[in-house]
Amino acid sequence: MKPFRLLSLLILLFAVPVFAAGELTERLAACTVCHGEHGEGRAGAEYYPHLAGKPAGYLLRQLRAFRDGDRRYAQMGWLMRNMDDAYLQAIAEHFAALPPRPPARATATRPPDPVLAQRAQTLLAKGDATRAIPACIACHGEQLAGLEPAIPGLLGLPEEYVVAQFGGWRAGVRRTPAPDCMAQIARALDASEIRAIAHWLSAQQQAEPQRPAPAGTLVPPQACAGLPDSAAQVLP
Amino acid sequence: MNLRRRLLLALITLLPLLLFAAAWVVLLFLRQGGMTPFRVPLNQARSVPSDAALIARGRRLAAIGNCAGCHTAYGGAAYAGGRAFITPYGTVYSSNISADPRYGIGAWSAAEFRHAMRHGVSRNGVQSPVFPYANFARIDDEGLDALYAFLATVPAVATAPPADALDFPANLPGAMTMWRLLYYRPAPAVTATAAATPQQRGAILVEGIGHCAACHGTRGTFASLAADAELGGGRLAGWYAPALNAQTLAHYAPGALADYLRGTAVDGRGAYGKMADVIAQNLQHLSPADAQDIEAYLRTLKPQSAARESVTRELPAEQRALGDHLYRQHCAGCHGEDGSGKAGKYPALTTSSAITGPDPINAIKLVLFGAAAPATPQNPQPYTMPPFAHTLSPDEVAALVSTLRARWGDGGRPVDANDVGAWGGIEP
Chain A
53 MKPFRLLSLL
63 ILLFAVPVFA
73 AGELTERLAA
83 CTVCHGEHGE
93 GRAGAEYYPH
103 LAGKPAGYLL
113 RQLRAFRDGD
123 RRYAQMGWLM
133 RNMDDAYLQA
143 IAEHFAALPP
153 RPPARATATR
163 PPDPVLAQRA
173 QTLLAKGDAT
183 RAIPACIACH
193 GEQLAGLEPA
203 IPGLLGLPEE
213 YVVAQFGGWR
223 AGVRRTPAPD
233 CMAQIARALD
243 ASEIRAIAHW
253 LSAQQQAEPQ
263 RPAPAGTLVP
273 PQACAGLPDS
283 AAQVLP
Chain B
73 MNLRRRLLLA
83 LITLLPLLLF
93 AAAWVVLLFL
103 RQGGMTPFRV
113 PLNQARSVPS
123 DAALIARGRR
133 LAAIGNCAGC
143 HTAYGGAAYA
153 GGRAFITPYG
163 TVYSSNISAD
173 PRYGIGAWSA
183 AEFRHAMRHG
193 VSRNGVQSPV
203 FPYANFARID
213 DEGLDALYAF
223 LATVPAVATA
233 PPADALDFPA
243 NLPGAMTMWR
253 LLYYRPAPAV
263 TATAAATPQQ
273 RGAILVEGIG
283 HCAACHGTRG
293 TFASLAADAE
303 LGGGRLAGWY
313 APALNAQTLA
323 HYAPGALADY
333 LRGTAVDGRG
343 AYGKMADVIA
353 QNLQHLSPAD
363 AQDIEAYLRT
373 LKPQSAARES
383 VTRELPAEQR
393 ALGDHLYRQH
403 CAGCHGEDGS
413 GKAGKYPALT
423 TSSAITGPDP
433 INAIKLVLFG
443 AAAPATPQNP
453 QPYTMPPFAH
463 TLSPDEVAAL
473 VSTLRARWGD
483 GGRPVDANDV
493 GAWGGIEP
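Protein sequences appear in the order of chains A and B.
Reminder that position 196 of the first sequence reads as 248 in this note's numbering, one-by-one numbering, no gaps.
Reminder that position 245 of the second sequence reads as 317 in this note's numbering, one-by-one numbering, no gaps.
Be aware that a few hints might be false.
As the list claims (entries may be wrong) - Derived lysine to aspartate or glutamate pairs resembling DMTMM-like cross-links, with alpha carbons at most 25 Å apart:
(1) B/K346 <-> B/E302
(2) B/K417 <-> A/D122
(3) B/K417 <-> A/D137
Since the hints were made in silico from the structure, they are not lab data.
Working from the sequences, and respecting the hints, build out all of it.
Here you go:
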C-alpha cells in the first residue's frame with residue numbers, strides 16, 4: 053500500500069504545476085491564435101513573435117508596456133487593457149517557463165545578400181565604435197540567446213517584426229525605462245543596416261533551442277532599461 | 073412713403089414672432105437653470121478639509137465615478153486630463169483636475185468645485201456634456217466635499233491638456249451655452265438623504281456618482297442627455313450599452329448581478345468593451361452592499377416600449393448555412409453547440425445581450441477583436457476570447473453574426489460586410 057500512496061503523492065506533486073500551466077493555457081486561448089498554442093510562434097506568420105522561453109522579466113515589461121501605452125499594437129493593447137500586474141506576472145512566468153520553441157525555423161524568405169549579411173554580422177558581434185554603437189552580443193549574449201531577467205534572445209525573429217521594432221524605437225512608440233538603450237541604438241543605425249540585421253536574424257537556423265543566459269553571467273557595457281551595467285557594478 | 077409703409081407693415085406682422093422667439097429663449101434659459109449656473113463663485117478662499125474619513129470617502133466616490141478613467145490620457149499622468157472623447161460635434165479633451173494651482177483645480181475653493189460639479193460651469197467656462205455633470209449634480213454636498221478633499225491629495229501635474237477640436241457649429245463662441253439652452257434640463261438637487269430602502273440607495277448611486285445613463289441612456293441630438301434619462305440602452309463610441317431593466321437583466325440569478333458589477337464572471341459572463349473598463353476602473357470598488365442596492369434598483373425598472381426595427385428581413389438560406397458552419401468550426405468549442413456556454417468558463421450566447429439585443433455592434437466587435445474580462449479580486453485570471461479579424465472575412469463575420477442573432481434573438485436587420493467594415497475598430 054505504502055509505495056502506492058507515495059507514488060500517488062508524487063504524481064500529485066508533479067501533476068499540480070502541470071495542471072496549473074494547462075489551465076492557464078486554456079484561459080489564454082486568445083493569445084494562442086497569434087502566438088501559437090505553446091507560445092512557439094506561428095508557422096508561416098511573418099510578424100507574430102514567439103513568447104516561449106523568453107525571460108519572464110522581459111515579457112512582463114512588454115505586457116505592461118502594451119497595457120500602458122509604452123508599446124503600441126492595437127490588438128495587444130485591447131486584450132491587456134484591463135489586466136492587472138498580478139495576472140500579467142502570471143502570464144509572463146507561464147510563457148517564460150514553456151520550453152523554448154523547437155529549433156528556430158529560419159523565417160527568412162529570400163537568400164541573404166553577402167555584403168549586407170557581412171555588415172549585419174559585424175554590427176552584431178562588434179558594433180561600430182565610431183558611432184558609439186555597442187555590439188549586440190554585449191547585451192544579448194554571445195549566442196544572441198538573451199540574458200535573464202530582461203534581455204530577450206534574437207535568433208529566428210521574423211524579419212518584418214524586427215524592422216517594425218526598430219521603427220517603433222525610432223518613432224518613440226516603443227519605450228523602455230530610461231536610459232532607453234535600444235532607442236539610442238535604433239536611432240544610430242541607418243535603415244539599410246536595420247534591414248540587414250533583421251534579415252540575418254530571421255535567416256538563422258538554431259540546432260538546439262536556447263535558454264537565455266542566467267542573470268549576472270554577462271554585464272551590459274552601458275546603463276540600459278534599469279538593468280545592472282558595468283558602470284553601476286560596485287565591487288564588494 | 074411706400075417703402076416706409078411697407079417696413080412698418082412688416083414690423084407689425086413680425087413683432088409677435090419676435091416676441092415669441094424672445095419669450096422662447098427666456099423660457100429655455102430658465103429651464104436650463106436660469107442665471108445660477110453662470111454665477112461661478114470665484115473669489116472664495118480655498119480651505120481643504122483634512123479629515124481622513126472624508127478623504128477616504130472621496131477616494132471611494134472618485135473610484136465609482138471614474139474620475140481618473142476619464143481624466144487620464146492613455147499612458148499619461150493620473151488626473152492630468154487630456155483623454156480624447158470623440159463626439160458627434162468634434163473631439164473634447166478632459167481637463168486637468170490634479171491639484172496643480174495653474175493647470176489643475178489646485179486653486180479652486182470648495183464652493184467653486186461644487187458649482188462646477190453641479191452646473192458644469194467653472195472659471196474655464198461652460199463645459200461640454202461629455203463631463204457627466206448632469207449626474208454628478210445628484211451627489212449630496214458632503215459627497216462633493218469629500219471628492220474635493222480627495223482631489224486635493226492628488227499629485228499636481230503642471231501640464232495643460234490639448235485644446236478641444238470642435239466642429240462647426242460647436243466651435244462658435246457661446247455654442248456650449250446654446251447647447252445648454254436647447255438640451256440641458258437639470259434634475260432636482262438631492263439634499264442629503266439617509267435613503268431608506270435599498271432601491272432608493274441604489275437609485276442614488278446609479279443616477280448620481282455612477283452616471284450609468286451616460287452610456288445606458290439614449291442620447292438625443294448633439295449628444296444631449298437629460299439627467300433623468302432612462303436606462304433604455306444607447307450607442308456610445310463604438311459600443312452598444314444595453315437597456316437595463318427587470319426584463320433585460322432577468323438572466324442574472326438573484327445576487328448575480330451585484331457580483332457581475334463587482335467583477336465576477338457570472339457563469340463565465342464577464343464584461344467586455346466599455347463595460348469592462350467601467351468595472352476595472354470603477355465598479356470593482358463598490359462595496360458588496362452598494363452593489364446589492366444597485367441590483368435591487370435596476371430590478372425595479374420596467375422595460376420601455378421597444379421602438380425596434382420591425383422590418384425583420386429573412387436571412388438568405390446560404391448565409392444561414394455559412395453562419396451555422398462557421399459557428400460549429402470556430403465558436404462551438406467554447407460556447408457549446410447549443411450556445412449554452414460552459415459554466416464557469418465561457419458565457420452562454422443564448423442570453424447574451426450582444427446576440428438578443430437590438431444592436432449587432434457588440435457581437436461584431438467581439439468576433440473581430442476578441443475579449444478579456446477585467447482582472448479583479450473576484451476574477452483574478454479571466455478567460456479570454458480570441459479575435460477572428462485575421463481568420464474571418466467581413467462577409468463571414470456578417471453571416472455568422474446575422475445567423476446567431478436570428479437563431480437566439482429576434483434577428484432584426486441582418487448585417488452585411490459594409491456594417492462590419494464601418495463598425496470594426498478598437499480605440500486605446
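To see whether the hints hold, each was checked on the structure:
1. B/K346 <-> B/E302: 19 Å, holds
2. B/K417 <-> A/D122: 31 Å, violated
3. B/K417 <-> A/D137: 22 Å, holds
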